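All chains should be modelled from the sequences, with the hints used to inform the complete structure.
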Amino acid sequence: MSAALALLFGIALLAATAWCPPRLTRVLGSLLFALVVGVVLRFAFGISAAIACGLVAGALAFRFLPLLVLRRVVFLVPALVLLIFATTLLMYRAPGNPFANERATSPQVEAALRAQYGVPKSAPEFFGIYMRRLLVEGTLGPSIKVQGRTVEELIAPAFPVSVALGLLAMILSVVIGLTLGIFAGLRRNSAADHLSMALALFGISLPSFVIGAGFMIVFSLWLGWLPVAGWGSLRHLVMPALALALPNAAIIARLARSGMIEVMQQDFIRTARAKGLPESWVIARHALRGTLIPVVSFLGPAAAAIMTGSFVVEVLFAVPGMGQWFVKGAINRDYSVVLGTAIVYFGMIILFNLLVDLAYAWLDPRVRGSGA
Amino acid sequence: MQKSPFQLAWQRLLRNRVAIIGALLLTAIALACVFLPFLFELDPNLTQPALHHQPPSARFLFGTDTLGRDVLARVLVGGRTSLLVGIATTAVSILIGVSYGAVAGFYGGKVDEAMMRLVDFLYGLPYMFLVILIMLMFSETARGDMLPVFLALGLVQWLTMARIVRGQVLTLRNQEFVLAAELLGASDARILIRHILPNVLGVIVVYGTLMVPSVIILESFLSFLGLGVSLSWGQLVSDGIAVVNPIRSYWWLLLWPSLFLGATLLCLNFVGDGLRDALDPKART
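Protein chains in written order, with my numbering: chain A, 1 to 372; chain B, 1 to 285.
What the hints contain is simulated information worked out from the structure, not anything from laboratory work. Small disclaimer: the values here were computed from a predicted structure and weren't measured. Using N, Cα and C, we set each Cβ at its ideal position, and we do this for glycine too. Treat each hint with caution, since some may be false.
[As the list claims (entries may be wrong)] Some but not every residue of chain B turned toward chain A, in silico, with C-beta under 8 Å:
{"no.": "1", "residue": "R117"}
{"no.": "2", "residue": "F177"}
{"no.": "3", "residue": "L179"}
{"no.": "4", "residue": "L261"}
Shown next as structure tokens:
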């Protein structure tokens, strides 16, 4: 009960950051920024380098980072902590525990195991131990189910795999979506427009694993062009990335199309044409920027959707990424693996969203001054 | 005679041939899933090991699976789950999303900013995390009980609805008829329920319809990962994928559930898009 209250209090505190004054935001934001840089570098380079780099990063952030970014940092870092707390609570609510197996474990053995892995019986205690591990000891802790390996050792080989897959899927969805959408928007109500929007509807309607299974059958089993599943070469990457990308590409195509149609009716486009600019230049230089704004604001949710899809697609194509570890960890109640993958995923999402915010401010001058 | 906005919308909808075909096909699929298993006494769990992997024939229209179960029966009964999850979860998320969005839009200002900040943040998360964790909480008590699925999916699906409703309420908030009601001394709750919500109803219907397919997709993800609670299309597709191999093709195990799932999702999107064009002609995307 008190844990749930703490969670609610945390959410309220998080919401309260909306009232944080600019001056305080700047100080708090740079402090938290320094902390995050320090903790992350701690994993890579050890304690002394981490402290030094953290201090430098904090000072640089205080001096140079726009308020827009610092506001996000002030919100997101506590949010990350809250998420770890919420995840811990949820995991502890789930029936079973990491030490329950077919053979009955004696209470003494279980107590010894709990002490060894740092998994006490109450969720708040575990949260305390976990946060200390993360901040003071600089480790994600030992995996409970995979004997003798730490979570870092499990994630380290899987991380680049997931990043490569996710990035490629992201790039593909933007390229395919923008091309289709702009093309359709410029030739509104033509046969090409209807065809690409029908395609987009299919992309939105079909779950990625159905698309992926279709690819598998056609390209691997019938045509034999691509390997069925697994990992190792670029050719292994094609089908999972496409299966992940298509649903998002479809949404981006729709956004780009309506954006294009709207922008092309604006006064500044008429002005550009009246100046005698060639049509291709009008589109590339003037219309594209306006079209990109709704697309860019969708990229944050798109990244989340790609991660959601990646759980399924990684399983389908036997890709050894982090999604598999998360799902396995959740089913086996391997608390530290679940938390470790969750932190890495959340961190990537947060980083990506920050970049999207910056891109947004660059594209839409109205956002820049407001510091929103 | 002057036609009411809803009559006009209805006319626009009837003229949209794709949406009508979608609605008819959807009704057909739903009726088939609900009634056919009763009428023909189809049993999705009856195993006949001697008759495993039968291709489609007059006796088994859709063939049989690895344990000799009738695929037609499984597809129809699985459809019940998928459709039920889609509709019930949408109801849950409409309830949460509309109340949240209406309050945020109605009070505006800092309250709105704080509430929406939370929504924006949750929106950016890979919600599958939360769904999987919430599903785990119920994993042992819940074999065959679908309430946890509704809750888990509903808890992550209300965000879009909250955003849309909040935007609509924000613009309606300062219209003359709301100010008039306020002036007459109507309470906040009365203004929201009697005066503002009826005007948002169209949008709620449109996005509610479009939410059903995304919920069905999410449920199929869960089933695919082995976290579903009962027989559904997602689970059948996953079973079908499991037997895909280069040597022998059991195409009917994959084709039929995929076809039903895909057709249902497409039809729902057709109907949703049609409703949007009819009720809200300006918001075409």
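Violating hint indices (sorted, rising): 2, 3
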